[in-house]
Structure formats: C-alpha cells, structure tokens
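With chain X's structure known, arrange chain P on it following the hints.
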Amino acid sequence: MVNTRVELCGLPLDNPVIPASGTFGFGYEFAELYDINCLGTFSFKGTTLSPRYGNATPRIAESDSGMLNAVGLQNPGVEKVISEELPKLAQCFDKPVMANVSGFSVEEYVATSQALESCAQIGWLEINISCPNVHGGGMSFGTSATAAAEVTRAVKAVTRKPVIMKLSPNVTDIAAIAKACEDAGADGISLVNTFLGMKIDLKTKKPLLANKTGGLSGPAIKPLAVRMVYQVYEAVNIPIVGMGGITTAEDVLEFMLAGATAVEVGAANLISPYASKQIIDALPQVMERYGITSLEEIIGKGH
Amino acid sequence: MMKQTQLTIKENKKIAANTFRLMLCGDCSAMRGAGQFINILIPGKFLRRPLSVCDYTADSLCIIYKTVGEGTQILSRLQSGETIDALVGLGNGFDLTKNCSKPLLIGGGVGVPPLYKAAKDLIAAGKSVSVILGFNTSDEIFYTEEFEALGCRVFLTTADGSAGTKGFVSDVMDAIDYDYFYACGPKPMFEAIEKKAHTGGQYSFEERMGCGFGACMGCTCKTEHGNKRICKEGPVLEREEILW
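Those protein sequence lines, which keep their order, are chains X and P. Sequential numbering of the first sequence, starting at 1, is according to my numbering. Sequential numbering of the second sequence, starting at 1001, is according to my numbering.
In isolation and in its complexed conformation, chain X is listed as follows:
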C-alpha cells in the first residue's frame, strides 16, 4: 500500500492532483464524466469582481507539444460565482475547492477575496497575479516583487483562508518574487502560470490570436516549470503547488521531487477530459515502480 496523501497549507488532500484554473471550469462539465471527488481538489475558473467576457476570438492556437491561450479571464464575476456556480458545484463535489482570484488592482483582489471569505466550500485562495492575457492588471502584479508583496499583504489582511500566490514565469528571478510573497505572509506559492508567446499565421501573415500574444502551456513548458519549482523551493519555506505541462503520474513525481507539495494539471484536461483522473489512478503503480511508499516523503528530495 502506498500513501498519496499530502497536506497543503493545513488542509489534507487525498492526493496531490489539482486540475488547474481555467481548464476545469467550475467542475460540473467534468462531473458529468466521472466522480470528481477523486481529485485532491481543483482550482476553479479565475474569478474577478465584475463579470468579464474576455478577449476576442481566436483565443486558442496550437503549438508543438502545447497550446497558446488568450481567453482573458472570462468569468461571471464573484457575485454569480457565489450565487450560481458554487451551489451547483456543491451537488457534485464534497471537498474544499481552491478559489482562483484575479484582478486589476489591489482593491479588486481584496474585494473579491472578501466576498469569497464566507464561502465554506472554499478551502484556499489562489491569487492569480500572473495572467498574461489581460492588460493593466494580472501579470503586472506578478512581475514585481514589491507589487506581489503588496497584493499578498492586502489579501492576507481580509481572509483567514490559506493564501497561495500564483506566480508568473515571465520574470528574471521567480525565486525573489516567491520570497517577497512569503515575507508578506503568503501561505503557499503556486507556479507556473503560462509563458507569454505568439503564433503568426502564414496565410494572413499576422498573429493568429486576436489578442496577438497568448500564454503557452502544455508539455512544451514542463522542463522550464520544473526548474522554476526547484529554484523557488530553495528560496522559500512555504508549500509549493507546481504546474506546467503535467500529463502523467511520472510528471507528478518529478514536480514533487523538485519541491512541490501538490501539483496542478492544466492543458492535459482539455485534451483528455479524464486526464486528471487517469493521473490519479496511475499514481500508486508508478510510485511502486520507483520504490516510493509515501508522496509526502519525496517533496523536495531532488535537492
């Protein structure tokens, strides 16, 4: 018998697998296909204070071993998330869920976090300071240690839920930003969001995405993400949620050895709706193959 349990910021997870925000909606599309209670938890669609339509289409482009997206934080706004999405989710998911909070100002991050504070279903706040597809917000908070710390402090002041800061890889020194978040009171760090990229359509000779740039995800970014998790693990003492191109149980072990306590699965859910479940199902066998009896024991063992 192997043990897949881990603890993330004081809350237990049956396994470390967490579908990533923006690839799993509010859960119920997937709950039609399988019992999503097999997940560690999942991070729901990036939520802002007001409803957002997002960017013009095309919002999606393919690349080798990955994809670019420029959805631009389409979401119904925090009020509807609380009044409509969370009650629907309650019918198919019994575990605490991770709320992904996005924003365009410190005040907005605070207001959205405050609004979610009374939702008992929510176990963690994942503060997205790393969306590359919106202008005047999002990633600009995640590319400066000072701004990242400011958001962390402001959100921590209004919530008792664990606060996990989701970082952008589009920086020169991600470890410094992670450290600034830890010093400002963050309970955890999640990384990486997508890498800023572009695809040019040879037929039109213009960028394919209406937004011109988009965030690259999928297996193409995995080694970059593993390296960044490894670097952040050396810089902070709070738990790390690692992500970037995870498609297999082997990938989960790799991220955990780099220093992740839990992992998020993103683009893989879009290619196979059963991807997260398949990774969870495969974990025990893959752990045995590598002589691992408890996942908790391998966190950071690559150092």
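Source of the hints: derived by calculation from the structure; they are not laboratory data. In this text the structure is predicted, and so the values were computed from the model without any measurement. Incorrect hints may have been included.
Claimed, not checked - Covered, in the sense of this in silico footprint (three residues per stretch, anywhere, with C-beta under 8 Å from a C-beta of chain P), are these stretches of chain X:
#1 20 to 32
#2 65 to 78
#3 143 to 151
#4 271 to 279
Glycine included, C-beta positions come from ideal geometry on N, C-alpha and C.
Just chain P, lined up with the frame of chain X:
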C-alpha cells in the same frame, strides 16, 4: 452526454479536391442529432481537431473534411484499420423540431456535411426539403447526388460558374419557396444569407477550440442570450440571437 472512445477507420477516401470522406466505426451512441461534432486526436498534434458529423448510426460515423492545415493533412494519410481517439457527441446540433414544412438547407463548401443528416431527418419527418450547395469550383463539389437520393430539391452554385449557377448560395435563395432555413459554412456566407433570408433559421458556426466540451472558454461568442460557447451551447445558434 459526450463519450471518449476509440473509433476504427473503415474508409478514408478523397471524394473531391482536398476533400476526404472518413468512415468510422465504434461506439457512437453519444450522438444525439444532426449538427453535432466530434473532436479527434491527430498523431503528433497537441490539440484535437473538431469535425462536423455528416451522418451517423449508433456504431458508425461519416465525416467529410477538407485538408486545410497540417493536422488534416496527417488525418488524410491515416489508413483503414487504424484507430482514432475521439470525443463523440459534442455540441447542441440543429433543432429540427421547428414548426415548418418546407425547410431550406444552405451549405457552403465543407459546411455541407452536417446538413446531410439534417436533410435525412427532416425528410423522415415528412418535410419537403430544398438544399443549396455552394462551392468555389466544380472540382470541389461533393454529395449533390446523395442529397438528391434522399429526395431533396438540390440547387448548386459555384463561385466561378464551372457548375450550377454562377455565384453564391445567397444568389439563388429568392427563387426557392421555403419557410425555415438551416445554414452551415463560412461567416461571409452567413452575412450574405442574412441579407436575403425572410424566415427564421439556424446557423452552425465554426471557431478555433481548445477542448471542444466547454471547459476552456476558448470559443466563446456574445449573443442576445449572453455569452455562449460555440462548442457547448453551439455550434448552432438561432438567427434571432446572433449579434452580427
């Protein structure tokens, strides 16, 4: 509800210029109606490719696709006996229950295939079906005889005049007696139809998709009834709800 399933290729044959017919067999029980699509994995490609369904039974699918990029080029080289990983039964499909007796189906190029099953079902429901099939050139034409064999009145147009009426599908609409329409094709074709149509109707849209089943919000459009995902609440939208 959609199903992920392995389908076996029975036929993958060129039927017109850059146009192939793919016959698949396997569990297709997730199909609920004409105008739905499947999303298939292509060897060596990361994202799936959404393809409209031309015809289906509980254990078979007919797809007609055009080779427009690398993915469909790879698909065109797959052989009988090979298997394809598919998400089956995606999208809303056409609402064929509308109160009409003389529906008009309008297809442009590779927008023609989903209208075939629609025509079949409308004829089975006792309706008198007219079809306009529009292509760029005569070598792109497919399925005119198949629609005729179903019992449809078929009107053919080509942009270059090499077959049928020279012009676009919208150019022959005025001559046809219809009381509802179903259209699938490129957006400029829809805009031309909008100028001519005098009845209610439905349009089946195409958009670049991430997942094809409603998870990624990659294909959202604005409608009179709020945001809709082309892959989930679409690809078919009612004429009245479309914001042009």
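Which hint numbers does the structure go against, in order from smallest to largest?
Checked against the structure, the only hint that fails is number 3, while the rest are satisfied.
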